[in-house]
Amino acid sequence: MNADAGPGIVAIAAAPEDKFRRIVALLDGLRDRVVAERLIAPARPRLAHLRPARPLQPTRLLLLPVEPLLSDTPRFEPGAPSLPRRAAVLIAVAAAEAILPPTPIAPDDALRAGAAIWPRAAEWVASAAPPAGWAQAGFDGPAHAAISARLHGLLTLGTDLLAAPAAAEPLIEAERLLALASEFGEQLVICVLALLLRHPVMAPAALAASETLQAAPAVLAHTIAALCARSHDESPARLVEAARALAALRDAAPSRPGLADAVTEMARHCHASLQRAAADVRAQAETARDDAQIAALEATARDLSRLHQVASHLAGAAALAEPMASIAAAADLLPRPDAIRLLEIIAGPDAALALARSPPR
Amino acid sequence: MDLDAAAPPVLVDFAPATFLQRGVAIGFTAPGLAGATARPGERTKLELVVPNQAGGAGVYILPWEGVWSLCRPTVHDCQLIARVGALRSITPASIRTAARAVAAEGLAGRPAAHAARQDSAAEDQARVLVNFSLLLELLRQNEPRDSGWVQPERDRPARIEERARLVMAVLATRLGCRQETLVVGLEELSGLLCNIGLGAQAEQAALPRLLRAIERLRREVAAWAKARPEHGSVEMALIERCAALTARAARSVLADARAPVSDLGGLLRSWLASPTSIATTMARPEWLLDGWERICLLWQETPPEQRAFAVLEIVPLLPLLPAEVDGWVAFDMSSATEMLRHRRVVRRMEDWRTGVMLADLVARNEHVKSARLALA
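These protein sequences, in sequence, are chains D and A.
Each residue of the first sequence is one higher than the one before, starting from 1 at the first, in this note's numbering.
Each residue of the second sequence is one higher than the one before, starting from 1 at the first, in this note's numbering.
None of these hints come from the bench; they were simulated from the model.
Treat the hints with care, as some may be off.
[What the hints assert, rightly or not] Example chain A residues on the side facing chain D (calculated, C-beta under 7 Å, incomplete):
{"no.": "1", "residue": "Thr74"}
{"no.": "2", "residue": "Cys78"}
{"no.": "3", "residue": "Gly106"}
{"no.": "4", "residue": "Arg228"}
{"no.": "5", "residue": "Met339"}
{"no.": "6", "residue": "Arg343"}
{"no.": "7", "residue": "Ala359"}
[Claimed, not checked] To spell it out: a stretch of chain D is covered by chain A in this simulated footprint if at least three of its residues, at any positions, have a beta carbon under 8 Å from a beta carbon of chain A; those stretches are:
{"no.": "8", "segment": "57-65"}
{"no.": "9", "segment": "162-176"}
Yeah, the Cβ is synthetic: ideal placement off N, Cα and C, and Gly gets one too.
Take these sequences, add in the hints, and give me the full structure.
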């Protein structure tokens, strides 16, 4: 939560939905974007959940390509694939005043409108001095240089970054973008990678094998760190992707610095995810009786089976035996054929066959 | 060939002379058993023939109990292995019945269980409809056409029954058998013809529908190959050519199977005297089309962007055409036989990290078991 947010502002986040939407619309209409962004900050998690239609003010449009990287941290962390929102907004407001008309853009038009302004904004950002309020916001000169450089690169690639997931060959397009990003330095490759990894079509394992990443060990280390950092709250299906990427990196070069720790951490995340899933599967099995519920349960079980397979490759099957046994125990709650199938998905055909051949209870 | 259940499987060249030697396709769900067929063994009761899963030429021929030396079957497959192992004869019909019974237990998932029960019910209904069509045909062919004669399909059910009894009585006397024997004979013929189709609804029967699906597959593969010349043109040409030849042969054997119905009295006489030769002719379409339903469904159920992989999966599944087929049709099929014997696919991008895992393939195979051929 934003440390500067007063109690009234914090209350926005808890307001009834219609009131919340009206307040956001009001804040979106404020000319002073720095103030508006500060007031909206406590409501961001709820905004992400409700996703109300919002006009694209010039500042928001300008920051659209980097939006997923904006964080509410008060300090700039040079090694992290993120940008402090407050700093980015200060720069974007100054850039918008310098190069843009103050007219909101319809969200549908964002890509077309952005394509016209992001290259200009990128050039402006590269040569601009720190904006008004920079020091008061707690940032110094070196931070301005680093953040501006990062914004310069990301805005230069802005159109392509947003269009990449919808490309005919997204992974080839991703490789091209990573190569372009490498011309701006390793930090930008890390940021571009973080943006690309947000899209389901961008398979982490395939990206990890990209020539650009393989040629830059430091970037790879960040990739690994990013994969691990985000894995703690990932669904099993997405965690599989992260774990596969890590396994691909380990198999390609097992002695890479930091890899052993990353593997240990990822294995821990996988274990925790499987443990959490055991309770979910049990709850699902207790109520699942119709076809759709059983299909959903089996889909969950397959996700967990995939995770188990990849995690076993990372850490060995023995380490995962206990959560997998807990998940398999949920079969006891199901009608016999469904129980046999759940057991087959989770524990394999031998365990399922043993159940199939045992006398019905 | 001496087959030892515990011995490691060995690839052998495979050139079956007959469809029975080729075997009947078994819808296993384990990916390692894709394209497997069952056939009567030389030294053991049953043998399993499994295509080379690496994409090269040759097959594995195993004793029925030796399947575990090749791969780990699913629970569904284990039940199917047990049920097929207990069959007295291996035909597409007997395997189909066994496969439906196992799927109906739910071990390939609830959708596959529903599909199996629906298919059994649909086949029962088709048998009743064909039996009725035969009865109407019997009246058309054997009733005296006097001035009061009414087309049987326009008559009341009770009247049709009465007319049928009269015709049966005359026919039974002519053939020197009891009337009940004729009724049973018609029912047995209905069982043979129910998937071939008769009369106005003939094209809705299972095998004509499958034939249309094969023709559709051929058209779609050709169009797909034209649009994407970079993807394995040799493999796609093989699928297209085999589909075209099989469809052409199927049209021919379907016509041959329906032909005797034009003289139902003669057909019944032959059936009572020697049912085997008629059953053999009428079974040809399903022997010829055996294995194609899975191929068509694989293509149909694969999203367009993944069809390059479907092509590689389909090529090893293309059913071999034994030399026996040359005696069934009036044109040369040997080119397809040779192409299929020497087929080879080069697999690309095959790696567990590409995302396709064993469990995913089992789930996909279960889905195929529950899927329906789209109408052409």
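- Could you check the structure against the hints above and give me the numbers of any it violates, in ascending order? 4, 5, 6, 8, 9
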